[in-house]
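Student: Here's the letter readout for the chains.
Number of protein chains: 2
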Amino acid sequence: MRNRFDRQLLELNNELIQMGSLIEQAIEMGISALVKQDVEKAEQAIKFDVEVDEQEKTIEALCMKLLLQQQPVAKDLRLISAALKMITDMERIGDHAADISEMTILMADSDYEKSAINMEVIKEMAKETTDMVIKSVDAFVNKDLELARWVINRDDVVDDLFDSFRKELIQKINENVKNGEMATDMLMVAKYFERIGDHATNIAEWVIYSITGKHEDE
Amino acid sequence: MRNRFDRQLLELNNELIQMGSLIEQAIEMGISALVKQDVEKAEQAIKFDVEVDEQEKTIEALCMKLLLQQQPVAKDLRLISAALKMITDMERIGDHAADISEMTILMADSDYEKSAINMEVIKEMAKETTDMVIKSVDAFVNKDLELARWVINRDDVVDDLFDSFRKELIQKINENVKNGEMATDMLMVAKYFERIGDHATNIAEWVIYSITGKHEDE
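Same order as they appear, the protein sequences are chains D and B. Letter by letter, the first sequence follows residues 1 to 218 of the numbering used here. Letter by letter, the second sequence follows residues 1 to 218 of the numbering used here.
Be aware that one or more of the hints could be misleading.
No distinction is drawn between identical chains; accordingly, a pair holds when it is met within one copy or between any pair of copies.
Unchecked claim - In silico lysine-lysine, DSS-like type, Cα no more than 30 Å apart, as pairs:
{"hint": "1", "residue 1": "Lys-214", "residue 2": "Lys-47"}
{"hint": "2", "residue 1": "Lys-123", "residue 2": "Lys-75"}
{"hint": "3", "residue 1": "Lys-214", "residue 2": "Lys-41"}
{"hint": "4", "residue 1": "Lys-114", "residue 2": "Lys-214"}
{"hint": "5", "residue 1": "Lys-178", "residue 2": "Lys-123"}
{"hint": "6", "residue 1": "Lys-47", "residue 2": "Lys-75"}
{"hint": "7", "residue 1": "Lys-178", "residue 2": "Lys-47"}
{"hint": "8", "residue 1": "Lys-167", "residue 2": "Lys-75"}
{"hint": "9", "residue 1": "Lys-75", "residue 2": "Lys-172"}
{"hint": "10", "residue 1": "Lys-47", "residue 2": "Lys-85"}
{"hint": "11", "residue 1": "Lys-178", "residue 2": "Lys-114"}
{"hint": "12", "residue 1": "Lys-36", "residue 2": "Lys-214"}
{"hint": "13", "residue 1": "Lys-178", "residue 2": "Lys-41"}
{"hint": "14", "residue 1": "Lys-172", "residue 2": "Lys-41"}
{"hint": "15", "residue 1": "Lys-214", "residue 2": "Lys-167"}
{"hint": "16", "residue 1": "Lys-172", "residue 2": "Lys-114"}
{"hint": "17", "residue 1": "Lys-127", "residue 2": "Lys-36"}
{"hint": "18", "residue 1": "Lys-143", "residue 2": "Lys-114"}
{"hint": "19", "residue 1": "Lys-127", "residue 2": "Lys-57"}
{"hint": "20", "residue 1": "Lys-167", "residue 2": "Lys-143"}
{"hint": "21", "residue 1": "Lys-167", "residue 2": "Lys-123"}
{"hint": "22", "residue 1": "Lys-47", "residue 2": "Lys-57"}
{"hint": "23", "residue 1": "Lys-167", "residue 2": "Lys-178"}
{"hint": "24", "residue 1": "Lys-172", "residue 2": "Lys-143"}
Simulated from the structure, these hints should not be mistaken for lab results. On a predicted model such as this, the values are computed, not experimentally measured, just so you know.
Starting from the given sequences, assemble the full structure and let the hints guide the process.
Tutor: Structure follows, in structure tokens:
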């Protein structure tokens, strides 16, 4: 009985890794579409959200199976309920990745000069947030408290990137009102990445709960 | 058998109306918290999102029951699959209502003068989008094609409100860089309402599909 439970926990880990990988691909394809202003690619990236949603349902069903069939002990209950919470945040990250690609499609319709946009901060935000998502799932799988704490602290980097980018964009609008549309579009993209960082932080907090049974507020 | 199916369809309608009402309350409490800059109320408003999510699951389970037990005919299948799609958009609306209240909480931490913010356009957007959500659910329940089309057309009003508000905020930043933080925060709030309008439009499109079996692109 216990062996079967362990096997299903292993399956849960693998499904979570798979969900993390889908999110990674969605963000990577989304940022590539944004940088190249490639509408077709943005539409492809949005389709990942459907897969992320389906993966959430798969994991939810697996968690329910674990809860109902195995009469888990407190430690297992914590693990499974943490996984259920984690996938809610992962699903929201998938939504925001799709939001970013929808901004790319919207931007294609606007007539400002796209080549003038500084994409460096956005690329940096994409890299940082992807890293946070992957590492938070790793931390769950390997019960790695230190790694979970690293993810939570890393959110400051994302927040700082957002704040400095926002200042830069405000400056651009202040210099010339004609930069307004471009700057506010890019600000919205940055905001979605900032929210992705928040959700990755939530995931890491659930990982800590799954290991220690306590919530840590950083 | 058919009677039981009809009874369950009636139940589905009532649950959808209930979900619409939860969204209405979340938006109304959220806008009131924003206007009054009331953090406690914003936190209360966020809790509606949990209820919206639970209501989505209740309806999902009901739809599954309808699909599996009743061997529905094509027309019923269309109705049920439309309902399943509608609740996905309604769930996203709940997310955005929570996003708005999270912005209220975030704004409380910033040190710009809140009393200077013009809330009129935001209040208008809240009113229009709430109306769209409620009417799209009504259109489903009453199989009212005209009302569904009205909702889809109404999204232009929301988009126009967003565009003009964005211009106003860009102007404010251009006048004085010190308005930047306030203006970009408010822009994000407006963007969430604009997205709520998009999702309400999606709902209305699913209503049309449930009645005619066809997708209308407006």
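Student: Look at each hint and say if it fits the structure.
Tutor: Taking the hints in turn, this is what the structure says about them:
{"no.": "1", "hint": "Lys-214 with Lys-47", "verdict": "between (36 Å within a copy, 22 Å between copies)"}
{"no.": "2", "hint": "Lys-123 with Lys-75", "verdict": "neither (39 Å within a copy, 47 Å between copies)"}
{"no.": "3", "hint": "Lys-214 with Lys-41", "verdict": "between (42 Å within a copy, 27 Å between copies)"}
{"no.": "4", "hint": "Lys-114 with Lys-214", "verdict": "neither (47 Å within a copy, 37 Å between copies)"}
{"no.": "5", "hint": "Lys-178 with Lys-123", "verdict": "both (24 Å within a copy, 27 Å between copies)"}
{"no.": "6", "hint": "Lys-47 with Lys-75", "verdict": "between (36 Å within a copy, 27 Å between copies)"}
{"no.": "7", "hint": "Lys-178 with Lys-47", "verdict": "neither (33 Å within a copy, 40 Å between copies)"}
{"no.": "8", "hint": "Lys-167 with Lys-75", "verdict": "neither (46 Å within a copy, 54 Å between copies)"}
{"no.": "9", "hint": "Lys-75 with Lys-172", "verdict": "neither (53 Å within a copy, 54 Å between copies)"}
{"no.": "10", "hint": "Lys-47 with Lys-85", "verdict": "both (23 Å within a copy, 15 Å between copies)"}
{"no.": "11", "hint": "Lys-178 with Lys-114", "verdict": "both (13 Å within a copy, 26 Å between copies)"}
{"no.": "12", "hint": "Lys-36 with Lys-214", "verdict": "neither (44 Å within a copy, 35 Å between copies)"}
{"no.": "13", "hint": "Lys-178 with Lys-41", "verdict": "within (28 Å within a copy, 38 Å between copies)"}
{"no.": "14", "hint": "Lys-172 with Lys-41", "verdict": "within (28 Å within a copy, 35 Å between copies)"}
{"no.": "15", "hint": "Lys-214 with Lys-167", "verdict": "neither (37 Å within a copy, 47 Å between copies)"}
{"no.": "16", "hint": "Lys-172 with Lys-114", "verdict": "both (14 Å within a copy, 23 Å between copies)"}
{"no.": "17", "hint": "Lys-127 with Lys-36", "verdict": "within (17 Å within a copy, 38 Å between copies)"}
{"no.": "18", "hint": "Lys-143 with Lys-114", "verdict": "neither (44 Å within a copy, 44 Å between copies)"}
{"no.": "19", "hint": "Lys-127 with Lys-57", "verdict": "within (27 Å within a copy, 33 Å between copies)"}
{"no.": "20", "hint": "Lys-167 with Lys-143", "verdict": "neither (38 Å within a copy, 49 Å between copies)"}
{"no.": "21", "hint": "Lys-167 with Lys-123", "verdict": "both (17 Å within a copy, 27 Å between copies)"}
{"no.": "22", "hint": "Lys-47 with Lys-57", "verdict": "both (16 Å within a copy, 23 Å between copies)"}
{"no.": "23", "hint": "Lys-167 with Lys-178", "verdict": "both (17 Å within a copy, 10 Å between copies)"}
{"no.": "24", "hint": "Lys-172 with Lys-143", "verdict": "neither (45 Å within a copy, 49 Å between copies)"}
The structure is inconsistent with the numbered hints 2, 4, 7, 8, 9, 12, 15, 18, 20 and 24, although it conforms to all the rest.
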